[in-house]
Each structure stands twice: as structure tokens, then as C-alpha cells.
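Using the sequences plus the hints, can you model the full thing?
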Amino acid sequence: MTERTKRLSRRNFLLAVGAGGAATAAAIVAKNTGSSQTSDKSKRASRGYHATEHVNNYYRTTKV
Amino acid sequence: MTEVLKFVETLPPEEVARANFYGLLARLFYAPPDAALLEALAGAEEIEAEDGGIGEAWQRLAQAAAAADPEAVREEYENVFVGTGKAAVTLYTSAYTIRYSNEVPLVALRSELAALGLGRREGAAEPEDHIAALCDAMRHFVAEQKRDLHEQARFFSRWIAPAAGPLCNAIAQHAATDFYKPVAGFAKAFLHLEQSAFEML
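Going line by line, the protein sequences match chains A and B.
Under numbering that gives the first Met the number 0, think of the first position of the first sequence as 0, with each following residue one higher.
Under numbering that gives the first Met the number 0, think of the first position of the second sequence as 0, with each following residue one higher.
Treat the hints as calculated values from the structure; they're not laboratory data.
Model, not experiment: these values are computed from the prediction.
Honestly, I wouldn't trust all of these hints.
[Claimed, not checked] Chain B is faced by these chain A residues, among others (derived, beta-carbon under 7 angstroms): (1) R9; (2) F12; (3) L13; (4) A18.
[To be verified] Just the calculated beta-carbon pair ranges, DEER-fashion: (5) B:E125 with A:K5: 19 to 29 angstroms; (6) A:K5 with B:K85: 36 to 46 angstroms; (7) B:E47 with A:S8: 48 to 58 angstroms; (8) B:E74 with A:R3: 17 to 27 angstroms.
The beta carbon of each residue, even a glycine, is placed where N, CA and C say it ideally should be.
What follows is the structure, given as C-alpha cells:
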């Protein structure tokens, strides 16, 4: 098989099994890029460990 | 929005779709979807597919998004993937691929990413083997760097393919997942499609 026909068959394969939904996926990713930036702060604050007022108070009580 | 789409203009539509699906998966695995993203997913058009797999998985994801409550999905995400102490299901791919305790895949991954011109964004706390980071790297290779398919295939088969199945199954089978079950289903269908397409190179 030549390089060209190999590329064509891969292309046909992708389109046939469904990765051709370019417009669909693009609309979602674009929309999401806009919206995720505004919620970035609140999202970051809720991820993993972060020192809350309560934790800080606790640390203060442990200081000698 | 135009800025997001500009760089993919010259790519064939199936490559644009691949990049966007990688982007979407990166986003869904990085953080729980907000209301706007759920709404966009719920209103997504069907993927036309001759073979049912990915089309059905996409439809199930859209239906789940339509029924989902953003607050509940956020709780689910934190409960399952973050948690206190050990996460119920980890999104770090090394956990699914390390066989010996002296293996250090993260070091190898970091240097491979650096050689490909990618690195961790300043302020990002997650190690690079997070599935969201790997999907985002693939999006970069496809849409922004327009890397040769063989290079994409090499990265995919080394870093994503071995973990994709076990990771998606772990999410789908966990009792505490709800919205993320169809997310995992779609991820599995899409990554399987990618693997099959790379095998045709």
C-alpha cells in the first residue's frame, strides 16, 4: 500500500466511524473555553487541600 | 471563540474533530463541567457513525448532561476523583500502568513532553500523567503543532493506550459515579477509535 492510499483509508475510517463530528465537538469546546475561564477561580479554590479559617485557627493553637 | 477556531482552519475536518474531542475530554477530566458546558453537551448534535460505538456513547453522554445537576456533578467529581486521602478512582494514568515500584514513568513523560515542546503551565499542580494533561497534549499535537501522525501515534501508544481501558473501566464500574459513567464510556469509545486509526498508519 502506498503512503497516499494508507492516509486515505485512515481518513475514511475516521469519518465512517464518527470522528467527523467536527462542528459538534468544536461548538462545545469553544463554548466551554469561554465559560470555564470565568469559573476558574472558584474551581481552583475547591480543588484539593486549602487552608480554611478553621484550619488556620487550628494551626494557631498548636504554636508554642 | 474565533481565536479558538482559527488555528484549526487549515486542518481536515476529521483532524479538527479529533482535536476537539481531546479538548473536551481534557476539560471533563480536569474539573467537573459547569452549567454552560452541561447545556452545550445536552444540545450537541449526534455523531453520524456507521459503526454504533462512538455514536451511541456520545448520545448517552448528551442525555446524561441534559439530566445532570451541576452541583451534584461537582460533588461527584470531588468525591470520586479528589476525595480526602486516596481518591476512589485516580485520574493519574501511572497508577494503571506501573508494574514495579522502581519504575519512574513521570520522569520519562516529562522529558518526552519537553522534547515535544510542551511543559506544565505555571501554577498547575497536577503531575503530567493526569489523563486531562495527556489529552490536552494530544490536542496540541493535532491542532496546534500539527505533528506527523506517526509522532502522535508514538505518544498515544506509550502514554495513553495502556491506561485508557483500565481507567475508563474503573470509572464506569465505581458505585459512586453517575454522570462520569457516560463520560468514561465516551472516552473509551473515542480512544479506542484513535487506537484503531493509528494502527492503520
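Going through the hints against the structure:
Of the supplied interface hints, the one on R9 (chain A) holds, with its beta-carbon coming within about 4 angstroms of a beta-carbon of chain B, less than 7 angstroms. Satisfaction of the interface hint for F12 (chain A) is found here, the shortest Cβ-Cβ separation to chain B being roughly 6 angstroms, below the 7 angstroms cut-off. With a least beta-carbon distance of about 4 angstroms to chain B, the hint placing L13 (chain A) at the interface is held under the 7 angstroms criterion. Because the beta carbon of A18 (chain A) sits about 5 angstroms from the nearest beta carbon in chain B, less than 7 angstroms, this interface hint is met.
Separation of E125 (chain B) from K5 (chain A) is about 37 angstroms and departs from the stated range, judged on CB atoms against 19 to 29 angstroms. Under the hint 36 to 46 angstroms, the C-beta atoms of K5 (chain A) and K85 (chain B), about 45 angstroms apart, fit the expected range. With their beta carbons about 19 angstroms apart, E47 (chain B) and S8 (chain A) fall outside the hinted range of 48 to 58 angstroms. Our hint of 17 to 27 angstroms for E74 (chain B) and R3 (chain A) is violated, since their Cβ atoms are close to 51 angstroms apart.
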